[in-house]
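J.: Each chain is listed here by its residues.
2 protein chains.
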Amino acid sequence: MSLTQVVLGIDIGGTNTFFGIVDEEGNCYLHDEIPTQGNLPAESFFERLFDSFRRKFETRNDKFELVGISLGVPSANHFKGTVENPNNLNWGYINVVELINKYYDLPVVVTNDANAAAFGEMKYGAAKNFKNFIEITLGTGLGSGLVVDGNIVYGQDGFAGEIGHTIVEENGRYCGCGRRGCLETYVSATGIKRTVFELLSIYHEDSCLREYSYNSINSKLIYEFALKGDKVANLAFEYTGKKLGRALSNVVAHLNPEAIILFGGLALSGDLILSPVQRHLESSMLHLYKGKVKLLVSRLMNYDNAAIMGAAAIMWHKLKAVVPSGLLTEGKDKLKF
Amino acid sequence: MSLTQVVLGIDIGGTNTFFGIVDEEGNCYLHDEIPTQGNLPAESFFERLFDSFRRKFETRNDKFELVGISLGVPSANHFKGTVENPNNLNWGYINVVELINKYYDLPVVVTNDANAAAFGEMKYGAAKNFKNFIEITLGTGLGSGLVVDGNIVYGQDGFAGEIGHTIVEENGRYCGCGRRGCLETYVSATGIKRTVFELLSIYHEDSCLREYSYNSINSKLIYEFALKGDKVANLAFEYTGKKLGRALSNVVAHLNPEAIILFGGLALSGDLILSPVQRHLESSMLHLYKGKVKLLVSRLMNYDNAAIMGAAAIMWHKLKAVVPSGLLTEGKDKLKF
Numbered sequence: 001m002s003l004t005q006v007v008l009g010i011d012i013g014g015t016n017t018f019f020g021i022v023d024e025e026g027n028c029y030l031h032d033e034i035p036t037q038g039n040l041p042a043e044s045f046f047e048r049l050f051d052s053f054r055r056k057f058e059t060r061n062d063k064f065e066l067v068g069i070s071l072g073v074p075s076a077n078h079f080k081g082t083v084e085n086p087n088n089l090n091w092g093y094i095n096v097v098e099l100i101n102k103y104y105d106l107p108v109v110v111t112n113d114a115n116a117a118a119f120g121e122m123k124y125g126a127a128k129n130f131k132n133f134i135e136i137t138l139g140t141g142l143g144s145g146l147v148v149d150g151n152i153v154y155g156q157d158g159f160a161g162e163i164g165h166t167i168v169e170e171n172g173r174y175c176g177c178g179r180r181g182c183l184e185t186y187v188s189a190t191g192i193k194r195t196v197f198e199l200l201s202i203y204h205e206d207s208c209l210r211e212y213s214y215n216s217i218n219s220k221l222i223y224e225f226a227l228k229g230d231k232v233a234n235l236a237f238e239y240t241g242k243k244l245g246r247a248l249s250n251v252v253a254h255l256n257p258e259a260i261i262l263f264g265g266l267a268l269s270g271d272l273i274l275s276p277v278q279r280h281l282e283s284s285m286l287h288l289y290k291g292k293v294k295l296l297v298s299r300l301m302n303y304d305n306a307a308i309m310g311a312a313a314i315m316w317h318k319l320k321a322v323v324p325s326g327l328l329t330e331g332k333d334k335l336k337f
Numbered sequence: 001m002s003l004t005q006v007v008l009g010i011d012i013g014g015t016n017t018f019f020g021i022v023d024e025e026g027n028c029y030l031h032d033e034i035p036t037q038g039n040l041p042a043e044s045f046f047e048r049l050f051d052s053f054r055r056k057f058e059t060r061n062d063k064f065e066l067v068g069i070s071l072g073v074p075s076a077n078h079f080k081g082t083v084e085n086p087n088n089l090n091w092g093y094i095n096v097v098e099l100i101n102k103y104y105d106l107p108v109v110v111t112n113d114a115n116a117a118a119f120g121e122m123k124y125g126a127a128k129n130f131k132n133f134i135e136i137t138l139g140t141g142l143g144s145g146l147v148v149d150g151n152i153v154y155g156q157d158g159f160a161g162e163i164g165h166t167i168v169e170e171n172g173r174y175c176g177c178g179r180r181g182c183l184e185t186y187v188s189a190t191g192i193k194r195t196v197f198e199l200l201s202i203y204h205e206d207s208c209l210r211e212y213s214y215n216s217i218n219s220k221l222i223y224e225f226a227l228k229g230d231k232v233a234n235l236a237f238e239y240t241g242k243k244l245g246r247a248l249s250n251v252v253a254h255l256n257p258e259a260i261i262l263f264g265g266l267a268l269s270g271d272l273i274l275s276p277v278q279r280h281l282e283s284s285m286l287h288l289y290k291g292k293v294k295l296l297v298s299r300l301m302n303y304d305n306a307a308i309m310g311a312a313a314i315m316w317h318k319l320k321a322v323v324p325s326g327l328l329t330e331g332k333d334k335l336k337f
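Residue numbers (our numbering), protein chains in the order written: chain G, 1 to 337; chain U, 1 to 337.
FYI, nobody ran anything at the bench for these hints, they're computed from the structure. Fair warning: this is a prediction, and the values are worked out from it, not measured in the lab. One or more hints might be untrue.
Copies of the same chain look alike in the list, so a pair counts if it fits in one copy or across any two.
[To be verified] Below, a list of computed lysine-lysine pairs in the DSS-like style, where the Cα atoms sit at most 25 Å apart: (1) Lys131 - Lys320; (2) Lys80 - Lys128; (3) Lys294 - Lys80; (4) Lys318 - Lys131; (5) Lys290 - Lys128; (6) Lys220 - Lys231; (7) Lys80 - Lys292; (8) Lys193 - Lys242; (9) Lys80 - Lys290; (10) Lys193 - Lys228; (11) Lys231 - Lys242.
Could you put together the complete structure from these sequences and hints?
T.: Okay, structure coming up:
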């Protein structure tokens, strides 16, 4: 019986790390998670990770052949294969590819989570037929993966796609990056919380949200109150959508994409977020683009293991670019990125 | 004696059209100009153009072999080979490639002037070794050519790179595009004029510029007064540079280029424009990019025929991409874009 070729996809978060093996069709097997324990060095993380993975994989290595390893991690430098002083991991500056190659002599790619989501969207999600699109990931912050002619834009140093850190308001909200007015201070799970508190200060209407402290509130709660008709919660979505729609109209003037795809928690709020984004995007765009840019919700999110699949999709893209005909076993030794 | 292969580069402006043949090394021959007469249909324009070109070329066709034709023109759709309702030409919607192929059965490319400048910069100017850079053309408006991995970003419909129409000021200056606050209303030859008039209204200092009507002033005059120490003229450059530097810091967050190159009249103002752009760009950028993005003045502008060379560079890029080894004569028939 021939083995099914699979890629190990790893999604490293601040708290937990998820992993699983993914075949080219997007079937995900053996998925599991370990605590990231970001206070410890990277070496001990990968030891625990591969220990955990190996034990699972050994039970099935009569079925699967591992052909690559793909890592979604904050502060990834795709070109160098390094992770460079991530905010929430005490790893310093490390060469991840070298580290992983001590365990597996296989092709390795590293990228950030937004680029992984964009690749996953292209291979398994809503962007299957798109060559030019923008993936916006709405989490604690706002990430973006820019796809031009079917490839991720990495830029000169691998740091392209920081749309969350475009400044949309002069002297605006303070951002974790040390500057003010970054898009993600308005448009993200944290951004909408900040908006709620600004709105509570401006309006005098009663609102269920007046019962909550800043630390006890989250975007899901704001969503639920908005559905119940709470005025401040609804205004918060409208304001968030306006900020995002306007910022996206500038992104469109840069890249003329055919679609913009929203991924992450806030994107699950349906029309509450889509409607204002669509309205302000359409009214703000230059005439050249009006009516031509689709605004879509991620379909990668429909999968339980979206982040793992996104990471794995990057490796599949690379493997297929080098060995399009499928004779992967012969080609993979050449694939050290 | 073997013939020198050349591309016919054509730069169509609102008033005059410049053309010339350019060899791969960037030597430009037989350059000339004709009035564009944009009120007349495109058919009559190309008849005059090729009539004029043919008469010059016939005297030298023992020396040169024409291998392609390349056109820089407003509202060009690179993918379709069309020009679509340009503002200052009464051409409507025409297929330029088909029209030109009636005269010459050769590969034809069309693009706008900013993309032509970017290609020219890459082949003959300041961007010879760059794969990721932004060309900013400062004329009556502000154009931009975005280069990622050595290729122009065209986007889905060929309209990428409209950085001049990113909105940098909510409810800002009225723009010819029908919206408000576009970057080019601040940063362009027209923009700096508008800034002078705003500053004359704000400050009460004496200024030589108070003697001029809006219609009698131009950016060169503002430059000359700034050199003489006129306060308003100097403030106008500072303000223009601030607006551009800040806008570019957002462009950098999109594309992470290694360089930004300024082309066009305002770029000739030296430190008057470069210094504030550099200062505000550097102070506005996200930490990831600080100290890494070169700000340069075009070296393509050093040539008398920069626009012609820019147009020709696009065709040379295409020809070489298809027939890298140089056997152009055999390959060119396949090169209908």
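J.: The structure should be examined with respect to each hint, and the outcome stated for every one.
T.: Hint by hint, here is what the structure shows:
1. Lys131 - Lys320: This pair counts as both: shortest intra-copy Cα distance 16 Å, inter-copy 24 Å.
2. Lys80 - Lys128: Result: close only across copies, 24 Å inter versus 28 Å intra.
3. Lys294 - Lys80: Between copies only: 21 Å across chains, 34 Å inside a chain, cut-off 25 Å.
4. Lys318 - Lys131: Answer is both; intra-copy 16 Å and inter-copy 20 Å each pass.
5. Lys290 - Lys128: Within one copy only: 23 Å inside a chain, 36 Å across chains, cut-off 25 Å.
6. Lys220 - Lys231: Within. Shortest intra-copy distance 16 Å satisfies the 25 Å Cα cut-off; inter-copy 54 Å does not.
7. Lys80 - Lys292: between (37 Å within a copy, 16 Å between copies)
8. Lys193 - Lys242: This pair counts as within: shortest intra-copy Cα distance 15 Å, inter-copy 32 Å.
9. Lys80 - Lys290: between (39 Å within a copy, 19 Å between copies)
10. Lys193 - Lys228: Classified as within: same-chain Cα gap 17 Å, cross-chain 52 Å, threshold 25 Å.
11. Lys231 - Lys242: Classified as within; 16 Å inside a copy, 39 Å across copies.
Every hint from the earlier list agrees with this structure, and none is contradicted.
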